[in-house]
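Undergrad: Single-letter residue listing:
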Amino acid sequence: MLTTNQKKITSLLLVLSVCLVSLNGCGGGGEEKASGAVNTPVPQNDTSANSSDGDNSSETEQLDINELVAEPDFSFTTKSQVSLTVNISVQQQERRHINLYTQYQKLDNGNYYPDPNSRIMRGVMHGGHYDSTFINTTSQQSYLIEVWNDDLSFPLQQELTLVNNNLSFTQ
Amino acid sequence: MKLNQRLHFVGTKYLLWLPAALLSLNVTTTLADPFTQCPSKAFLFQGNPVSSYGINLVTGNYSLIEDDVGVSANINGVGFNEQDRYIYGFNTTHFQLTRLGSDFQAQNLNLSGLPQNKTFYVGDVANHTYYLYRKNTGFYKVDLSPLDQDDSAPLTAQLITSSATINLTDFAFHPNDGKLYGVDNNSGDLYQINPETGSHFTIGNTGETGTFGAMYFDKNGYFYLSRNQDGKIYRIDLSSLTLATTQQQLGELDVSAIKFADGPNSNQNDGARCASAPLIDEDIPSTIDFGDAPSTYGTLLSDNGARHQLDNVTYLGLAPPDGDYDGYQGADSDDTTIANGESYDDEDGVNFVTALEGGLDSVISVYASSAGTLSAWFDWNRDGDFSDEGEQSIIDITLNAGANMLAIRVPIDADVGSSWSRFRFSQQSNLDYFGGSTSGEVEDHPIQISSANLSYRYYPSESGWVTLAYEDQWPESEDYDMNDVVMRYRTTEVIRDNEVIRVDISGELQAIGGYHHNGFAVQLLDIETDNINQQTLRLLHNNVAQEYSGTHGGDTWPILEAEQPNAVVAISQDLWKQVNSSCVFYRTEIGCDQAQQFDFEISIPFITPVSLAEMPSAPFDPFIFATENLYHGETFQNHPGRSLEIHLADHAPTARFNSDFFGLQDDTSDPTLNRYFRTSNNLPWAMEIPGQWSWPSERKSILQAYPRFQQFVESQGAQDNGWYEADQADSNHLFE
Numbered sequence: 001m002l003t004t005n006q007k008k009i010t011s012l013l014l015v016l017s018v019c020l021v022s023l024n025g026c027g028g029g030g031e032e033k034a035s036g037a038v039n040t041p042v043p044q045n046d047t048s049a050n051s052s053d054g055d056n057s058s059e060t061e062q063l064d065i066n067e068l069v070a071e072p073d074f075s076f077t078t079k080s081q082v083s084l085t086v087n088i089s090v091q092q093q094e095r096r097h098i099n100l101y102t103q104y105q106k107l108d109n110g111n112y113y114p115d116p117n118s119r120i121m122r123g124v125m126h127g128g129h130y131d132s133t134f135i136n137t138t139s140q141q142s143y144l145i146e147v148w149n150d151d152l153s154f155p156l157q158q159e160l161t162l163v164n165n166n167l168s169f170t171q
Numbered sequence: 172m173k174l175n176q177r178l179h180f181v182g183t184k185y186l187l188w189l190p191a192a193l194l195s196l197n198v199t200t201t202l203a204d205p206f207t208q209c210p211s212k213a214f215l216f217q218g219n220p221v222s223s224y225g226i227n228l229v230t231g232n233y234s235l236i237e238d239d240v241g242v243s244a245n246i247n248g249v250g251f252n253e254q255d256r257y258i259y260g261f262n263t264t265h266f267q268l269t270r271l272g273s274d275f276q277a278q279n280l281n282l283s284g285l286p287q288n289k290t291f292y293v294g295d296v297a298n299h300t301y302y303l304y305r306k307n308t309g310f311y312k313v314d315l316s317p318l319d320q321d322d323s324a325p326l327t328a329q330l331i332t333s334s335a336t337i338n339l340t341d342f343a344f345h346p347n348d349g350k351l352y353g354v355d356n357n358s359g360d361l362y363q364i365n366p367e368t369g370s371h372f373t374i375g376n377t378g379e380t381g382t383f384g385a386m387y388f389d390k391n392g393y394f395y396l397s398r399n400q401d402g403k404i405y406r407i408d409l410s411s412l413t414l415a416t417t418q419q420q421l422g423e424l425d426v427s428a429i430k431f432a433d434g435p436n437s438n439q440n441d442g443a444r445c446a447s448a449p450l451i452d453e454d455i456p457s458t459i460d461f462g463d464a465p466s467t468y469g470t471l472l473s474d475n476g477a478r479h480q481l482d483n484v485t486y487l488g489l490a491p492p493d494g495d496y497d498g499y500q501g502a503d504s505d506d507t508t509i510a511n512g513e514s515y516d517d518e519d520g521v522n523f524v525t526a527l528e529g530g531l532d533s534v535i536s537v538y539a540s541s542a543g544t545l546s547a548w549f550d551w552n553r554d555g556d557f558s559d560e561g562e563q564s565i566i567d568i569t570l571n572a573g574a575n576m577l578a579i580r581v582p583i584d585a586d587v588g589s590s591w592s593r594f595r596f597s598q599q600s601n602l603d604y605f606g607g608s609t610s611g612e613v614e615d616h617p618i619q620i621s622s623a624n625l626s627y628r629y630y631p632s633e634s635g636w637v638t639l640a641y642e643d644q645w646p647e648s649e650d651y652d653m654n655d656v657v658m659r660y661r662t663t664e665v666i667r668d669n670e671v672i673r674v675d676i677s678g679e680l681q682a683i684g685g686y687h688h689n690g691f692a693v694q695l696l697d698i699e700t701d702n703i704n705q706q707t708l709r710l711l712h713n714n715v716a717q718e719y720s721g722t723h724g725g726d727t728w729p730i731l732e733a734e735q736p737n738a739v740v741a742i743s744q745d746l747w748k749q750v751n752s753s754c755v756f757y758r759t760e761i762g763c764d765q766a767q768q769f770d771f772e773i774s775i776p777f778i779t780p781v782s783l784a785e786m787p788s789a790p791f792d793p794f795i796f797a798t799e800n801l802y803h804g805e806t807f808q809n810h811p812g813r814s815l816e817i818h819l820a821d822h823a824p825t826a827r828f829n830s831d832f833f834g835l836q837d838d839t840s841d842p843t844l845n846r847y848f849r850t851s852n853n854l855p856w857a858m859e860i861p862g863q864w865s866w867p868s869e870r871k872s873i874l875q876a877y878p879r880f881q882q883f884v885e886s887q888g889a890q891d892n893g894w895y896e897a898d899q900a901d902s903n904h905l906f907e
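So the protein lines, in turn, are chains A and B.
Under the numbering used here, read the first sequence as residues 1 to 171, first letter to last.
Under the numbering used here, read the second sequence as residues 172 to 907, first letter to last.
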């Protein structure tokens, strides 16, 4: 069991570790916070932390697993299908390359730095139009799209926000 | 500074102790202490007056330890004595035997019996005996044991043989066979020398010549030569030698000297090393970065794999890499492997922003921390190495700090499919795809070589994972620790013109928390078995191609299951066969940490491409099944074998499933309602969880480990949809 002080220390360490992660470039989506944009509720200071023995309230009130009841059609995930639509102005049938990421950072120079490990789509686009779908596993709301040319020019970059399970990029 | 004014340092770690030592600047009158341990670092003594250097043989990095050993002389023929942990050597200026302790100050010893006015440059220590050699003079030994009682005790050199005909500048004792080894500078021949008789045997030619002034062994029996002229460190593999090795076996050895690292140029030198020490000391934080491509690419230290000394200045990506003790293997790579008490994915500086298409240019974005030199290799013919002609596609390109856009030309005959690449960024140039470097980072990246105009759709991302967690007691609901089988899992769909032409699936077995034996398979719903190209279907276990999904005696099980309307690929018939566990279970009992041992990759090509609209959704239908002929619970009178499957909730089983099992015990499946694998409380026996989920420890329910799972379930996912995150867990109930 954690005491109140231990919990405070733990919380501090959590904050510190988040900062370290951020410094290490593991986050994404904006200059300071990990976008990745997972809607993960950050654990709040538990009111039960005021109890003298420091018991975790969720543990003391914990349901036995055999008493837990789900709805008959609940899938135990929050996955959803997302549609991506890209429309950019190019010469006829000109080829471009689409990259879509979930993790990225904004650098001091204003450019985005994507984590290539978080790429969920790499597509070839002809004629400036691209449609596809993918499964969003984490209710993520923000994404980074890059559109690359075949030359060595810097790509188009845009942070996209999910609207009704659609992502749209027009330029 | 006089001898008695020296600080006491502690072996190779003395720099770490320096601040503390300065704080306690006590002048001592005692003689030097021996080293406190067997150091992993090699010591090089050179010059007149002599200076001592510490050399990291792994990377070639070196640093000055002491430029004033208390005598104005050259010390040569040095060797580390593991019995008393002093370094012994010969003062070639004053013809004296000397030794140095952890303070690196020379202490003259009282030796007689050597020829007058002869100096010795070749020496080493073994079994508390110092051996000296001089061509055309003789081979001598000195018993050092009298020094145990009295460091001024008289010592006497004994002549082993006056026949000393071979041309050596150093030799070193092999830690396992007790023989001396040395290389002739002029011919490059490698000799074995019998320390009892002085007789020698010419093993073979190393292929290298020059003044090899310092020679060392490591505990595995690898022999290292440092060449004075250019500082190159070579390695000869003598690791197979034992006391029982015959001369015939010796003569059959390949003793080629392989370039290992770049060390310091030197002269008037000699080297000493504690031969029983490993090259990398795992008791201290590692400052070396290794790659993580499969071992055939030269990744592990034993394979002379690519590695770099971390300098916190020269690296790829936004953050410096973490230190490694060796290269990593398998799908997990070094993403999560703990070294130095920390770990993170440091393969983040190279981004393949366009596909690698045969005959076309591909754009790669490389982010450099500072100016430096980049080289990169691509296994274009997918034969498991980077050594073929044309596979170094980037040669010593200078990068600027920040983003660098590079173009490479993919060979028109590049073999389409999955392969590997290696990027090495350093302040050095002329690096090969193997060997050590004194700065920078190595990043190994899996690549897909494709024909033109292919797109890729990743689930959950190119290098991300979902975690599949199974309870294998179905149709009984039991402890709900969701760790009977835990598998990390990702998929890639390869798309051309909005049609999927191939599906690749990778996975890593994380845990087995039950006695039952289970196989693992994936069903591709609505993809006909006949539409799978069996000629190019490929399954790898730990990077090794498999012909079958399992064998037992003369029985074999195919990868693509027959007589299935929907395509079903079996990854393994018995996951317990893929691991060895020293515990009852595998990675579920607290305190029973074991390395991850099994990963797989399967590539499933379609004969007729499938439109995106008709493709089943990732992750498709991964499931476990009972291993044939083995017990799987009291519910079943007979061993159910392949007819027992456990799927994610509401995923229908395959045609091999015995539908008579529906409704047994706690199961409430009802195919008429498309309801499968749920309890009466609608709970599942299998779950798909985002990310690299930490599973509950043995017999701790998912609710105990993740209390917010309750709200997540009861709200149908509207609340606490991050219940599975590490910071939501009660860590007391997790395996790790």
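Derived by calculation from the structure, the hints in this document are not laboratory data.
Accuracy of the hints is not assured; some may be wrong.
What the hints assert, rightly or not - Computed from the model, here is a short list of chain A residues facing chain B with C-beta under 7 Å: (1) L68; (2) V69; (3) V90; (4) K106; (5) D115; (6) P116; (7) R119; (8) M121; (9) T137; (10) L152; (11) L156.
Where a beta carbon is used, it is the ideal one built from N, C-alpha and C, also for glycine.
Undergrad: All the hints need checking, so say for each whether the structure fits it.
TA: Evaluation of the provided hints:
Given the 7 Å rule on beta carbons, the hint for A:L68 holds: about 6 Å separates it from the nearest Cβ of chain B. Contact between A:V69 and chain B, as hinted, is supported at the beta carbon level, the nearest pair being about 5 Å apart and thus within 7 Å. Hint status for A:V90: violated, given a least beta-carbon distance of 15 Å to chain B, over 7 Å. Look at A:K106: its Cβ only gets to about 12 Å from chain B, farther than 7 Å, so that hint breaks.
Hint status for A:D115 relative to chain B: holds, with the closest Cβ pair at about 6 Å, below 7 Å. Interface restraint check: A:P116 against chain B, minimum CB-CB distance 4 Å, threshold 7 Å, status holds. The interface hint given for A:R119 is met, as the beta carbon of that residue sits about 4 Å from the closest beta carbon of chain B, less than 7 Å. The beta carbon of A:M121 is positioned within 7 Å of a beta carbon in chain B (closest approach about 6 Å), and the interface hint is therefore held.
Using the Cβ-Cβ criterion of 7 Å, the hint placing A:T137 at the interface with chain B is satisfied: the shortest such distance is roughly 5 Å. Nearest Cβ of chain B to the Cβ of A:L152: about 4 Å, under the 7 Å cut. The hint holds. Checking A:L156 against chain B by beta carbon gives a least distance of about 12 Å; that is not within 7 Å, so the hint is violated.
The structure is inconsistent with the numbered hints 3, 4 and 11, although it conforms to all the rest.
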